[in-house]
Every structure is written in structure tokens, then in C-alpha cells.
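Participant: These protein sequence lines are chains A and B, in that order.
Numbering-wise (our numbering), the first sequence opens with residue 31 and increments by one.
Numbering-wise (our numbering), the second sequence opens with residue 18 and increments by one.
Everything labelled a hint here was simulated from the structure, so no lab data went into it.
It is possible that part of the hints are untrue.
Here are the computed distance ranges between Cβ atoms for each label pair [said to hold, decoys possible]:
#1 A:Phe131 x B:Val36: 19 to 25 Å
#2 B:Pro101 x A:Val106: 20 to 26 Å
#3 A:Ala166 x B:Val109: 40 to 46 Å
#4 A:Trp47 x B:Val33: 36 to 42 Å
SDA-like, lysine to any residue: derived pairs with alpha carbons at most 25 Å apart [claimed, not checked]:
#5 A:Lys104 x B:Phe62
#6 A:Lys104 x B:Arg98
#7 B:Lys58 x A:Phe98
#8 A:Lys104 x B:Thr64
#9 B:Lys58 x A:Ala92
#10 B:Lys58 x A:Val102
#11 A:Lys45 x B:Arg98
#12 A:Lys144 x A:Tyr155
#13 B:Lys58 x A:Lys45
#14 A:Lys104 x B:Ala59
Here the structure is a predicted model, which means the values were calculated and not measured.
Heads up, the beta-carbon is just placed ideally off N, CA and C, and yes, glycines get one too.
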Amino acid sequence: MANKPTAYNNRLGLKGWVYAGNYTFERYLYIGHRLSGLGLIAYMVLHIIETANRMRGEEAWAALMGLFASPVFKIVEYLLFAAAVFHAMNGVRLLLVELGFFLGKPQEPIFPYKSSVMKHRPLTYIIMLLAGLLMALGGSSLFFK
Amino acid sequence: MRETRLWSLHILVIPVIAVLLGMHFAVQHYAPVFYGMSVEKARDFATMIERGRSTAQFVVYILLLAAGLYHGLYGTRGIIRELPLSPAMAKVVDWGILTVGVLIFALGAYVTWWTFVHPGV
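Next comes chain A alone, as it looks inside the complex (with noise of 0.2 Å):
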């Protein structure tokens, strides 16, 4: 018997937030966007915390920064942001797909069907690219000085 639908019958649970059918390179993107974006906050509200450390006075906040300035945390650093980049560029592809904008004109359905998905790819790539490129020229930045 067919479960009665209800507002929260999400069969998938846990499941669904990584999984759903046969997607593809946009899928990992999504997955991407929320992982980054979880990483982004939980980031924030520790910054915020640590931050709140100066008020403890200058010595303090001389050893909390020196604890930044270890290998380990440059590479955090950088990952943080990466992680911004990638959430930032994949926020303006999906702003763009939310305005309707490159995903072609609408057609009658009519089979062979065109997916708008395709039509969208080549900018998916482009913002891609661009991200690839602004995350190495952070690096670059934060690494080579």
C-alpha cells in the first residue's frame, strides 16, 4: 500500500542529500555548494568566537594569532578559501539558473526532449574555470610571498 503523502514523507531522509538518481556533473556541484556552505558557517561561528579572544588582552590574542601563523592553519586557511570561492562561483551559476537565464527558450515537449541542463553546461564549465583560477591565484598569494 502506498504511503499517504504528508509534508514531511521524505522517504529518502539522510540519503536524499547525497543521492538522486542519474545526475551528474551538476549534482557534485550541489553536493559541493552544501558542503562548502556547512563549512562556510560552522567557519563563521567559530571566527566570531576566536575573534572575541582580543578582549582577553594583547597577549592573548599574540598567541592565538601565533597558532594561526603554524603550517597546519595556512593550509586551513586556504581551503576556507577555496571552499569560499567554490560556494561564491557556484552561487552566481545557480542565481543565473534561478532568473532563467541560459537555459535556452522554452519548447514544446516533444520527443527527442532537449535538456536545458545541456544548454547551461558550457557557462557551468566556464564558472568552473574561473573558480579553478582565482583558488590558484589565492593560493599563490597565501603560499608565495
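For chain A, the structure is supplied; the task is to place chain B on it using the hints.
Facilitator: For chain B alone, kept in the frame of chain A given last:
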């Protein structure tokens, strides 16, 4: 209608975050590139206090705090609300996220204010 408003605000704060976070990155993480100042100097206690005492910096950080927390916590709420939650549990999630947001904003705003009114080093 309420959800549409919340979602619209989630989208509208994006340009605010982009500009203000860009400024934050430039000042704190890319000081050598944009200001010819070492990262260590940019994060030095005296420099940080001096910067934080300016009205512009105060306004920028309060706005970034509000916009960033709203965007991030609204997104987190959306992800959690996709789970098969009962209406009562969904309410708990909403109130929990709102409480975390208000508390973190209060702490961040207090630290920003503390720096703004600091007598200087």
C-alpha cells in the same frame, strides 16, 4: 509568503556578503597584495584595534555579521528541513537556528563594539 520573503532575503544579502567579505579578505588575508603590509602586521593587536576603532570598519563588520549569519543559517535550516521531520520537530529546528543566530550575532556585535570604543594601544 513568509517562506518566499525569507528566501528572497537569503538571495538579497548575497551582494552584501560578496562586497564586505571581499573587503575583509583584502584587509586580513591579502594585506600584502592590497596594502603592502605583512599578514602578521595586519593581524597585530595594535593594528587590529586601530582598524576596529573606525566607524566604517564598525559598520562593515556589523553588516557582514548580520548578512553572513543570516545567509549561512538560513541555508543550514533549509538543509536540515529536507529531512523527514514532523511539524513539531521542524519548529524546534527553526527556533534552535534562530537562537544560535541571535546569540552569535550578539557576541560578534559586542566584540565589534568593544573594539570600536577601545581607547587604543
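Participant: Hint by hint, note whether the structure agrees.
Facilitator: For each hint, the structure was consulted:
Range check, Phe131 (chain A) to Val36 (chain B): Cβ separation about 22 Å, and the 19 to 25 Å hint holds. Evaluation of the 20 to 26 Å hint for Pro101 (chain B) and Val106 (chain A) yields a failure: the beta carbon distance comes to about 34 Å. For Ala166 (chain A) and Val109 (chain B), the hinted distance range of 40 to 46 Å is satisfied, since their beta carbons lie about 43 Å from each other. A hinted range of 36 to 42 Å for the beta carbons of Trp47 (chain A) and Val33 (chain B) is inconsistent with their spacing of about 28 Å.
The straight-line distance between the Cα atoms of Lys104 (chain A) and Phe62 (chain B) is roughly 19 Å, inside the 25 Å bound, and the hint therefore holds. Between Lys104 (chain A) and Arg98 (chain B) the CA atoms are separated by roughly 34 Å; this puts the pair beyond 25 Å, and the hint is violated. Distance restraint check for Lys58 (chain B) and Phe98 (chain A): the Cα-Cα separation of roughly 13 Å lies within the 25 Å cut-off, and the hinted pair is therefore satisfied. For the hint pairing Lys104 (chain A) with Thr64 (chain B), the CA-to-CA distance comes to about 21 Å; that is within 25 Å, so the pair holds.
Of the supplied pair hints, the one linking Lys58 (chain B) and Ala92 (chain A) holds, its CA atoms being roughly 11 Å apart against a limit of 25 Å. Between Lys58 (chain B) and Val102 (chain A), the direct Cα distance comes to roughly 20 Å. Compliance with the 25 Å bound is thereby established for this hinted pair. With a C-alpha separation of about 14 Å, the suggested pairing of Lys45 (chain A) with Arg98 (chain B) holds against the 25 Å cut-off. The suggested pairing of Lys144 (chain A) with Tyr155 (chain A) holds, with an alpha-carbon distance near 19 Å, which does not exceed 25 Å.
Distance hint between Lys58 (chain B) and Lys45 (chain A) is unfulfilled; the C-alpha atoms sit about 47 Å from each other, more than 25 Å. Taken as a hint, the Lys104 (chain A) and Ala59 (chain B) pair is honoured in the structure, with Cα atoms around 15 Å apart against an allowance of 25 Å.
Checked against the numbered hints given earlier, the structure breaks hints 2, 4, 6 and 13 and satisfies all the rest.
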